[in-house]
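Could you fit the two chains together into a complex? Lean on the hints.
Chains as they are written, first to last, in this note's numbering: chain Z, 1 to 303; chain G, 304 to 591.
Because the hints were derived from the structure by calculation, they are not lab data. Check each hint, because a few of them may be wrong.
[Said to hold, decoys possible] Rough simulated footprint, nothing fancy, chain Z against chain G, three-plus residues with beta-carbon under 8 Å: (1) 413-426; (2) 454-466.
[Claimed, not checked] So these bits of chain Z aren't anywhere near chain G, every CB distance computed over 12 Å: (3) 26; (4) 74; (5) 76; (6) 80.
[Unchecked claim] Mimicking EDC-like on lysine to aspartate or glutamate, the simulated pairs with C-alpha atoms at most 20 Å apart in a straight line are: (7) Z/54 - G/431; (8) G/307 - Z/196; (9) Z/239 - G/510; (10) G/353 - G/555; (11) Z/109 - G/306; (12) G/310 - Z/196; (13) G/307 - Z/268; (14) Z/261 - G/510; (15) G/520 - G/510; (16) Z/192 - G/306; (17) Z/292 - Z/219; (18) Z/54 - Z/196.
Where is the CB? At the ideal position from N, CA and C, for every residue including glycine.
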Amino acid sequence: MEAKARRGSLLLYLRQHWQLYVIFLGPALVITLLFKYVPMGGILIAFQNFNPIKGIVGSQWVGGYHFRRFLSSPDFMRYLVNTLKLSVYGLLWGFPFPIILAIFLNQIKSKGIKKKVQTILYMPNFVSVIVLCGMVRILLSVTGPVNGLFHSSINFMTIPEFFRPIYIISGIWQGAGWSSVMYTAALSNASKDLREAARLDGANIWQQLRVVDWPAIKDMVVIQFILSAGGIMSVGFEKAYALQTDMNMKSSEIIATYVYKKGLLDGDYSFSTAVGLFNTVINLILLIAVNKIVARMNDGNGI
Amino acid sequence: MADKVFKVISRVFLALFVIAIIIPMLYIVVASFIDPVTLQNQGLTLDFKKWTLTAYQRVISNNMIWVGFLNAVIYSVLFTVISVAVTMLCAYPMSRRDFRGRGFFNAIFVITMFFGGGLIPTYLLISDLGLIDSVWAVVLPGAFSVWNMIIARTYYRSIPNELREAAAVDGAGDVIYFFKILMPLCKPIIAVLVLWQFVGMWNSYFDAMIYINTDIKQPLQLVLRSILIQNQPEPGMIADIQSTAARAQLAELLKYATIIISSLPLIAMYPFFQKYFESGVMVGSIKG
Numbered sequence: 001m002e003a004k005a006r007r008g009s010l011l012l013y014l015r016q017h018w019q020l021y022v023i024f025l026g027p028a029l030v031i032t033l034l035f036k037y038v039p040m041g042g043i044l045i046a047f048q049n050f051n052p053i054k055g056i057v058g059s060q061w062v063g064g065y066h067f068r069r070f071l072s073s074p075d076f077m078r079y080l081v082n083t084l085k086l087s088v089y090g091l092l093w094g095f096p097f098p099i100i101l102a103i104f105l106n107q108i109k110s111k112g113i114k115k116k117v118q119t120i121l122y123m124p125n126f127v128s129v130i131v132l133c134g135m136v137r138i139l140l141s142v143t144g145p146v147n148g149l150f151h152s153s154i155n156f157m158t159i160p161e162f163f164r165p166i167y168i169i170s171g172i173w174q175g176a177g178w179s180s181v182m183y184t185a186a187l188s189n190a191s192k193d194l195r196e197a198a199r200l201d202g203a204n205i206w207q208q209l210r211v212v213d214w215p216a217i218k219d220m221v222v223i224q225f226i227l228s229a230g231g232i233m234s235v236g237f238e239k240a241y242a243l244q245t246d247m248n249m250k251s252s253e254i255i256a257t258y259v260y261k262k263g264l265l266d267g268d269y270s271f272s273t274a275v276g277l278f279n280t281v282i283n284l285i286l287l288i289a290v291n292k293i294v295a296r297m298n299d300g301n302g303i
Numbered sequence: 304m305a306d307k308v309f310k311v312i313s314r315v316f317l318a319l320f321v322i323a324i325i326i327p328m329l330y331i332v333v334a335s336f337i338d339p340v341t342l343q344n345q346g347l348t349l350d351f352k353k354w355t356l357t358a359y360q361r362v363i364s365n366n367m368i369w370v371g372f373l374n375a376v377i378y379s380v381l382f383t384v385i386s387v388a389v390t391m392l393c394a395y396p397m398s399r400r401d402f403r404g405r406g407f408f409n410a411i412f413v414i415t416m417f418f419g420g421g422l423i424p425t426y427l428l429i430s431d432l433g434l435i436d437s438v439w440a441v442v443l444p445g446a447f448s449v450w451n452m453i454i455a456r457t458y459y460r461s462i463p464n465e466l467r468e469a470a471a472v473d474g475a476g477d478v479i480y481f482f483k484i485l486m487p488l489c490k491p492i493i494a495v496l497v498l499w500q501f502v503g504m505w506n507s508y509f510d511a512m513i514y515i516n517t518d519i520k521q522p523l524q525l526v527l528r529s530i531l532i533q534n535q536p537e538p539g540m541i542a543d544i545q546s547t548a549a550r551a552q553l554a555e556l557l558k559y560a561t562i563i564i565s566s567l568p569l570i571a572m573y574p575f576f577q578k579y580f581e582s583g584v585m586v587g588s589i590k591g
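Just chain G, same shape as in the assembly (with noise of 0.2 Å):
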């Protein structure tokens, strides 16, 4: 009996879940190809002859949604190949018991992951190098991460020693072994590590918020949350509209247009990339 309560509720609680997440993405999907006038006076509808694409034609057709998305994929793209090399690398060392100084410099490592010197001590810093308004004060200060490198570390302790022995013996210095031998092993932890960064850059926006301060120079986010939260689609995607209420009809379904092709290249990398996600929870959780 009691079996059965709570499998029904289990049941039920799950779908809830499943139905509260679809449920508003449908709703965006829906309502960005619905004329704005019946979507603001009627709501959704599937009277197909009150859809349009006017939204996906005005956004696509704007400039600054490309020139962002351009940014994203450089801004990720830099970020991603730059942080695992140097976290890959750096966890070498890190995981050899017999590498000298391994406790000072994981001394060192682990005490950023507790304390730091904040925002404004940092922008100073980001400001005295003369990096403002430079791709590399968005890629570079976030490039390595001490929790990646442990996990790494992890990872690499898994390998036998006797690998890197015979390689030793066959002549193999540190950096063959660890690019012929080691990084091929490693092909799991890469692409989860990957994973992780190129996500996390695509979507954050506070750093190019601070350091970035020319309009084409902005990754998508920006470019988004000038679109969805500050409420100033760009100029060219309304400007020809002459009545003020029309305009900001317009500029409401210009959002939901935006969210759903901004959101594109995730959703189509989805499930290539979902079938890291166990495997990669698997690598976090081993504690270093």
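Extracted from the complex, chain Z is given alone in its bound form (with noise of 0.2 Å):
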């Protein structure tokens, strides 16, 4: 009986609220269930030896025959540790120059110096990440003006050394002002009051830092470093591809170009889902694991 009613009053709240689901829900979900979940029974064929003309259907299966095949390439190792490195160092030296740029700009009392600091390092986040890679290969080409200054004539992208530090470089000048934005908000709206009574109490610089400015920013810290290292596996396609050369590529080789060019320059397609699935799940793995420590560690909150 109870069910019956509880169904009855369903069909008539889906009756009285139909636009509800079809006209506001309905673009997102179609969207979302065609180019997200479509897709995601496509990774199939990463135990297949798919092929396109007979489809899902009609390709072989093969269990785990393309992980072993990868997990057991010396190649796909050093892609994962290039990728792994890449984003690791990335991290550890990208992720303090927000907070300090936002903590130094915070310092400055004259309200236009600081918008005009702030316009100019928010700049280089509009620029493309082909205009990017497209300055960096000028300014470090053999009769650039880098090796105009230093008087030698290194060919820095031919150069796999030069990789990591060009890229992680290159990523603090274009994201580091921009990612600046939201600590620069949360100090700017920080106890002012707090702020006055800590320097009427003869704090300096260092204690109003840890009792007013770092408790304004803490949990954005925090949630930031969930994400970058839950992210870890995940380094963007654009930018490495871009930066890639013949003669760079033993550490300019990550995951994600390795997924693209072997699935769709060679046509390996199942191959290529499996590297990408394994990816995927592993990144998976991060982001649950990293939150569970942060959680630990912060009173039991992660995100």
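In structure tokens form, the structure reads like this:
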């Protein structure tokens, strides 16, 4: 009886509120199901020798063959290490800059100067990956200004050892200012009374930072760190690919570019999908693990 | 004392950072005007007799740049309109605590933030749908952003519920309420999402690279890619030059002019959307 009544009231609810499902939720749901969930089904081809002509139904099943294939390949191990190094170093070097910039910016009393500095700091964020990498290639070319400055003729783009520093430094150049926006916003919202009180009590700058500034951004820092650490395996394709040359491949080939080349250029669909799946799963595990660790450190509060 | 030291360090650090940002940009701007031979032999010079507009003339008179611009506008406008509309619409029921199935739909959406089919299955789907070489392959798959939906949902929740109840008493249904009352109140968040989505699409190249094969459908970033990254200037830009060396020098100079010209629209828009930066971050930082 009760179940029937509940079903009846649900039907009534749906009849009254069908617009919420069809007009409002509908488009997003269709896009999500079609472009996100259908490809999840497509992951099955990682366990096949997928043949586009035969389709998923007709292709031969091979179980974990492709996973064994790349896990036992020395090349793959190098790409995995390249990916990890690129993102871990990128995180360690890049993470503090926005925080430092925000804290320093917050010390500037004059609104006008602060605004001008911010304008410049945010600008590189709007430069596209292609233009950024184009600039890097120009500035670092054999006849470029950097070599001119040191009277050297190093071809930076062809030397594997330079790939990561170039990638990370240009990343800081482009992103640090923009990433500092939210810290800046949080700091400028930090209690003015508290700062004033601390100053009147004779607190020096370090004590002020510890009592006023740090608490204002601490949660944000934790969240950002979790998000970045959780994304360690998802190094973007676009920039790495645009900074690759035939010569620096030893350190510039990462999983994302490898998946692209294997899958779309060589047509090894199943293998490429298997590598991609491996990457996604590791990423997921990392995110959960980091969240757990931070939650333990942060009195049980992760995100 | 410690305060003074800190003050000095902080100012110096900021100054260095600002200089480090400006110098490379300035270099490209100045270099773009200099005669290629002079640039290669002497580097930058303020001897204006050596300055030239050759590179700009060649880039501007080349069709592919303009085709790229036009396509980038088409892709970016389509993507922004669809994406912001879909996101704002979806966030409305998701913001209502009385919406049945909210938890279920939320789970469906959030899962896609952490797990997905990956490159190849997505590519095969696009291919099966017959969307290869179509604008829609670039525009549609990423048109719904769960992250932006969460931000919009949070924003809706800051608007008092009484407004909707009052509208309902006056006989306004959800559709009327949404378009007539809710949307006008959401201009700040709409502006922020428009900015993010537009710039994001304008600057990306991956999807267009894998899905678009026809030259005349290429967005600006792909045209830039062949000039800046692959060292392949559009043939028309340098074809008339005989010597290989001169051609290489000119190709180098074209890069500078190309960078400047391609950046002009965003530079022009920069002051306009700058005022949304901080408000954008404020709405973005509220957790859903």
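Verification of the hints:
1. 413-426: As far as the region 413-426 of chain G goes, the hint holds, because 11 residues have Cβ atoms under 8 Å from chain Z.
2. 454-466: violated (count 0)
3. 26: violated (8 Å)
4. 74: With a cut-off of 12 Å, residue 74 of chain Z remains clear of chain G, as the shortest Cβ separation is near 23 Å.
5. 76: Correct as stated: the minimum Cβ-Cβ distance to chain G is 16 Å, above 12 Å.
6. 80: holds (16 Å)
7. Z/54 - G/431: Status holds; Cα separation ~13 Å.
8. G/307 - Z/196: This hinted pair holds, its Cα atoms lying about 18 Å apart.
9. Z/239 - G/510: holds (14 Å)
10. G/353 - G/555: With a Cα-Cα distance of about 16 Å, the restraint between residue 353 of chain G and residue 555 of chain G holds, given a limit of 20 Å.
11. Z/109 - G/306: holds (14 Å)
12. G/310 - Z/196: The hint holds at about 18 Å.
13. G/307 - Z/268: Violated, because 62 Å separates the two Cα atoms, which is more than 20 Å.
14. Z/261 - G/510: Measuring from Cα to Cα gives roughly 14 Å; hence the hint holds.
15. G/520 - G/510: Holds, at roughly 13 Å.
16. Z/192 - G/306: holds (18 Å)
17. Z/292 - Z/219: holds (15 Å)
18. Z/54 - Z/196: violated (73 Å)
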